[in-house]
Amino acid sequence: MKEIETHSWERLRAEPLFELRRAGRYLVAELKGAHHVISTSVRHGGWAEHVGWLVNHQSCEGTAHVDRHHVVTEGGMEAYHDRVCEEVNLPSEHTAVMGTA
211 MKEIETHSWE RLRAEPLFEL RRAGRYLVAE LKGAHHVIST SVRHGGWAEH
261 VGWLVNHQSC EGTAHVDRHH VVTEGGMEAY HDRVCEEVNL PSEHTAVMGT
311 A
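Residues 211 to 311 in my numbering are what the sequence shown spells out, letter by letter.
Quick caveat, the hints were computed from the structure, so don't treat them as lab data. Hints are supplied without guarantee of correctness; some may be wrong.
As the list claims (entries may be wrong) - FRET-style restraints, in silico, Cβ to Cβ:
| id | residue 1 | residue 2 | range |
| --- | --- | --- | --- |
| 1 | Ala244 | Glu284 | 20 to 26 Å |
| 2 | Ser218 | Thr310 | 17 to 23 Å |
| 3 | Leu227 | Glu288 | 14 to 20 Å |
| 4 | Lys242 | Ser218 | 17 to 23 Å |
| 5 | Glu284 | Pro226 | 39 to 45 Å |
| 6 | Glu225 | His304 | 16 to 22 Å |
| 7 | Arg221 | Glu284 | 31 to 37 Å |
| 8 | Lys242 | Ala289 | 28 to 34 Å |
| 9 | Gly243 | Arg221 | 15 to 21 Å |
| 10 | Leu241 | Thr310 | 15 to 21 Å |
Virtual Cβ for every residue (Gly too), placed ideally from N, Cα, C.
Sequences and hints are given; from them, build the entire structure.
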């Protein structure tokens with residue numbers, strides 16, 4: 211967990227089908243059991259049955275976000291998906307990532 215090492219995870223909700231937690235700019239839903247997931251994630255977008263985590267993250271600030279914009283665009287969207295998963299210590303092959311501003 212590179213970027214969020216200094217943050218601790220706050221558990222927001224625990225339900226039989228999912229657990230929701232937050233740290234810094236990241237919101238993670240861990241799916242319990244099999245789910246049918248429909249997402250616009252650059253990887254696993256559309257219909258997927260193998261996704262175990264949903265990640266929403268604040269990908270930029272309203273102003274002065276030049277450094278983060280460079281991180282988002284430097285390797286392309288698939289590389290950024292992998293980087294976000296690495297930052298929250300989740301497997302990119304089983305995670306749907308969505309960014310918000």
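Checked hints:
Distance hint check for Ala244 and Glu284: the Cβ-Cβ separation is about 35 Å, which falls outside the suggested range of 20 to 26 Å. Taken as a hint, the range 17 to 23 Å holds for the pair Ser218 and Thr310, whose Cβ atoms sit roughly 22 Å apart. The given range of 14 to 20 Å is broken by Leu227 and Glu288, whose C-beta atoms sit roughly 28 Å from each other. Distance hint for Lys242 and Ser218: a CB-CB separation of about 22 Å, consistent with the stated range 17 to 23 Å.
Look at Glu284 against Pro226: about 40 Å separates their beta carbons, and that is inside 39 to 45 Å. For Glu225 paired with His304, a C-beta distance near 19 Å keeps the hint of 16 to 22 Å intact. In this structure the hint that Arg221 and Glu284 lie 31 to 37 Å apart at CB holds, the actual value being about 33 Å. As the Cβ distance of Lys242 to Ala289 is approximately 29 Å, the hint placing it in 28 to 34 Å holds.
As the Cβ distance of Gly243 to Arg221 is approximately 19 Å, the hint placing it in 15 to 21 Å holds. Here the CB-CB span from Leu241 to Thr310 is close to 20 Å, well matched to the stated 15 to 21 Å.
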